[in-house]
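*Asks:* Chains as they are written, first to last, in numbering that gives the first Met the number 0: chain A, 0 to 376; chain B, 0 to 379.
Rather than coming from a laboratory, the hints here were simulated on the basis of the structure.
Even for Gly, the Cβ is constructed at its ideal location relative to N, Cα and C.
Among the hints, erroneous ones may be present.
[As the list claims (entries may be wrong)] Taking lysine to any residue pairs in the SDA-like style, the calculated list, with each CA pair at most 25 Å apart, reads:
(1) B/K377 <-> A/D3
(2) B/K278 <-> B/Q228
(3) B/K267 <-> A/D370
(4) B/K261 <-> A/K112
(5) B/K278 <-> A/A374
(6) A/K336 <-> B/K278
(7) A/K63 <-> B/G3
(8) B/K377 <-> A/Q272
(9) B/K144 <-> B/Q228
(10) B/K377 <-> A/F277
(11) A/K112 <-> A/D3
(12) A/K352 <-> B/A281
(13) A/K260 <-> B/Q228
(14) B/K377 <-> A/A374
[Claimed, not checked] Cβ-Cβ distance ranges computed for the label pairs, FRET-style:
(15) A/R48 <-> B/D134: 50 to 56 Å
(16) B/R269 <-> A/R48: 54 to 60 Å
(17) A/D306 <-> B/L338: 24 to 30 Å
(18) A/R267 <-> B/D174: 32 to 38 Å
(19) A/G118 <-> B/Q268: 41 to 47 Å
(20) A/T140 <-> B/Y343: 45 to 51 Å
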Amino acid sequence: MNFDLSPAQQEMVQSVKGVLPGESGVALAGIKGLFAADSIGELLDLSKRLAATGYLHADPGSVKGGLLGLATAGAALATFSPEAFLALEFSSRVVGGPLAKFGNSRDQTDLLKKIESGGLLAATVLNADGLGENAELSAVTAQKTDQGWRADGEAGLVVNGPLAGLVILPARAGKEWVWLLLDPTWPGLTLGPRLETTSLNGLAICSLTLRNFEVPAEWVIGPLPAQDVLGQAAQMQTRTFTICALGLMRRSFKWAVAGAKETGAGGRPLIAQQNIAFKLAEMHTLSDTARLLAYRALWAAENEEADAAMLADCAKVFCCEAAETVGSQALQVLGAKGFIADNPAEESYRAAKFLISCGGSSEAVRMNIGDRVLATY
Amino acid sequence: MDFGFSEEQRMFAGQVKRFAAKEIVPRCAAHDLAARFDRESFSKLGDFGILGLHFPEEYGGSGADVVTTTLAGYALGAAGVDGGLTLSYGAHSFLCADTIFVHGNEEQRRKYIPKLAGGEWVGAMGLTEPGAGSDAAALRTTAKKTDSGWVLNGSKMFITNGPVADVVLVYARTDANDRHGGVSAFIVEKGTSGFSAGKPLTKLGVKASPTSELFFDDCEIPAENLLGQQGKGFEMALQTVEWDRSALLAPMVGGMEYALAKSARYAKQREQFGRPISKFQAIKRKLAEMKIYLEAAKGLIFRVAWCKDQGQSLNFLQAAVAKLFVGDWSLAPSNEALLLFGGYGYCHEFEVERFFRDCRLAPIAGGTSDIQKMIISKML
């Protein structure tokens, strides 16, 4: 047992903080407007600087400090900019993961290299299954043809879609599933307009439609069992959202503490009032507990512990809901300041709502946990 | 970071759980219902080695580290041992015996630790007073130096094991002008003239753990019963916090595992509307709530234990977070367990009502949740 970060894990965090603009990892203003439709250059610039630290490696095992090193660094990035974290996590791990694990053609290897070097931003579909227990990640189907595969269908929310140079989609192929690698410039692939969202406004999301779309065989991974496609995608997104929640919590908590230490009514800082101080104590307790649970879940995954999937689900629900609570309380502490738009607390609060409902909604994940508990006893 | 237990620790936890399930748990319900201390089970804990687990072998212990000791406490709770017996164990082993071991001289160690570690004697700690609860340093029990020793006067309140204790570690004021530095610790044995225990208090939960007032009326004790240095009592009391936030909380967290297992099994066999209630989302949700709390709480108590094993100075912030979370956040999932059983949950024989009642102590004893919030907020 060891509750301290290893030197390698600490080094990874420091490396990532070192390439973030401004105050390392704690610049609460974030990178506002970084991902306006024409700012892919800025994103790729950040991506390349992060790539130099090894942060963009698809396989956590090849990163300094392993999965926990990545997660702690990721939480720091999410504190700085949750949008940047999500955009790059979807590109490097949610897309890069299957490429690294199952990719077998030269094209696939080349694409992965570009992603890991920060030269290519990749997109994939968001797990936005709502409240359903058995919702599927993708409504795209694929059929084998003489030349390759033909795909049809729609994906509702494609993260990084408007900016990406590569899209990877899970598609049903009979009883099995495939990953389709798609160049968004190919004819027959239609990307919808960038969607207006209620939070994480810097994250570029759009819909995607495929009609009789021909995919060369070397750009298809699979067929694979559903677990290797849907299971992998769900697992990666669960992990991504959990880590993002840690960053959001830290962001709103720090903002709230800073606000509470400023002089309030009567010449005393707000934190001198027990009402405020106790609220901050509860927020810290939630944040600290969430962080520990998230890291334990990641450790369990890295070490292939029997309860890894269960812990990952517990961490997803707890951390994302805690992020919403901490964000909400931060707004309460900040009072009028929190009411003014575009402060980190309100951004984090709105973003936390998104984390709770997507990447495996709290309702759906709770059902998974309940099923697993019932199977255990 | 490494959140795993060693194979040896896992095996030991399994042994503790099996021992408790066989030897202790069948006796718990009756003792809880009768609000009676189970001396026999307490002795069995001593025989098995639980009571003195962390003391060196030469004092009758096993030399276990804090994480292993905390894991043993967790296993007791997970086996279904009631919160009363585990509270008595905690007060005995950590608040009383450990303090004597850490701060006592060799003579005191030799005299008390083997008997406490083996369960021959029951130990208690007397800190809280009628007028000094959360504000522990406000204690008014006095200890005056005499030619032959000390004379204690005053009373203590809410003392776990008070009615059955053979030896009590008493904190008393030796300097009226020094709030913290004027507190010293003394060892008082049962039968000492001027020392008496009140009747057991009737409580909501942890009923099998006897709690009472203690009275000191010109209670004379020999000079050698001063523990450690005069004026260091408050520091000694603070040092028990690490145990309090790890091994003492562990059975309560383990108890959630027990309640979860019972709830899941019940949900699978209980049918309503023509199918097991486990098929309903509302029931799965309750199970999930309990499981999420359980996993979140585990990390906190073992972090405190691990830090103590590393010899790190007490991290008040982490300790307070553990206490606050286990205390306040345990209430909702313990309520879920009760509700899952419906009317049966309200009945004693299904045990979840006992767990529900026992959990209610967590935000109160050993420093209330409000005190934890004060500690945390001061450190932000």
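*Asks:* Against each hint, give a clear statement of whether it holds in the structure.
*Replies:* Structure-based check of each hint:
1. Using a Cα cut-off of 25 Å, the hinted pair B/K377 and A/D3 holds, with the two alpha carbons roughly 24 Å apart.
2. As the CA atoms of B/K278 and B/Q228 are separated by approximately 62 Å, the hinted pair breaks the 25 Å bound.
3. Proximity of B/K267 to A/D370 is assessed by CA-CA distance (about 11 Å); at most 25 Å being required, the pair is judged to hold.
4. For the proposed pair B/K261 and A/K112, the alpha carbon gap of about 51 Å is over 25 Å, so the pair is violated.
5. A hinted pair counts as satisfied when its Cα atoms are at most 25 Å apart, and B/K278 with A/A374 qualifies at roughly 12 Å.
6. Restraint check for A/K336 and B/K278: not satisfied, since their Cα atoms lie roughly 47 Å apart, outside the 25 Å limit.
7. A threshold of 25 Å between alpha carbons decides the hint, and for A/K63 with B/G3 the separation of about 21 Å falls inside it, so the pair holds.
8. A hinted pair counts as satisfied when its Cα atoms are at most 25 Å apart, and B/K377 with A/Q272 qualifies at roughly 11 Å.
9. The suggested pairing of B/K144 with B/Q228 holds, with an alpha-carbon distance near 14 Å, which does not exceed 25 Å.
10. Between the alpha carbons of B/K377 and A/F277 the distance comes to roughly 10 Å, so the proposed pair stays at or under 25 Å and holds.
11. Distance restraint check for A/K112 and A/D3: the Cα-Cα separation of roughly 32 Å exceeds the 25 Å cut-off, and the hinted pair is therefore not satisfied.
12. Distance hint between A/K352 and B/A281 is fulfilled; the C-alpha atoms sit about 22 Å from each other, no more than 25 Å.
13. Under the criterion of a C-alpha separation no larger than 25 Å, the hint pairing A/K260 with B/Q228 is inconsistent with the structure, at around 40 Å.
14. Annotation: proposed proximity of B/K377 to A/A374 is violated, straight-line Cα distance about 44 Å (limit 25 Å).
15. A hinted range of 50 to 56 Å holds for the C-beta pair A/R48 and B/D134, which are about 54 Å apart.
16. Separation of B/R269 from A/R48 is about 58 Å and conforms to the stated range, judged on CB atoms against 54 to 60 Å.
17. About 26 Å separates the C-beta atoms of A/D306 and B/L338, a value consistent with the hinted range of 24 to 30 Å.
18. Range check, A/R267 to B/D174: about 34 Å between beta-carbon atoms, so the 32 to 38 Å window is met.
19. The given range of 41 to 47 Å is broken by A/G118 and B/Q268, whose C-beta atoms sit roughly 58 Å from each other.
20. Between A/T140 and B/Y343 the CB atoms are about 49 Å apart, so this pair conforms to the stated range of 45 to 51 Å.
The structure shown violates the earlier hints numbered 2, 4, 6, 11, 13, 14, 19.
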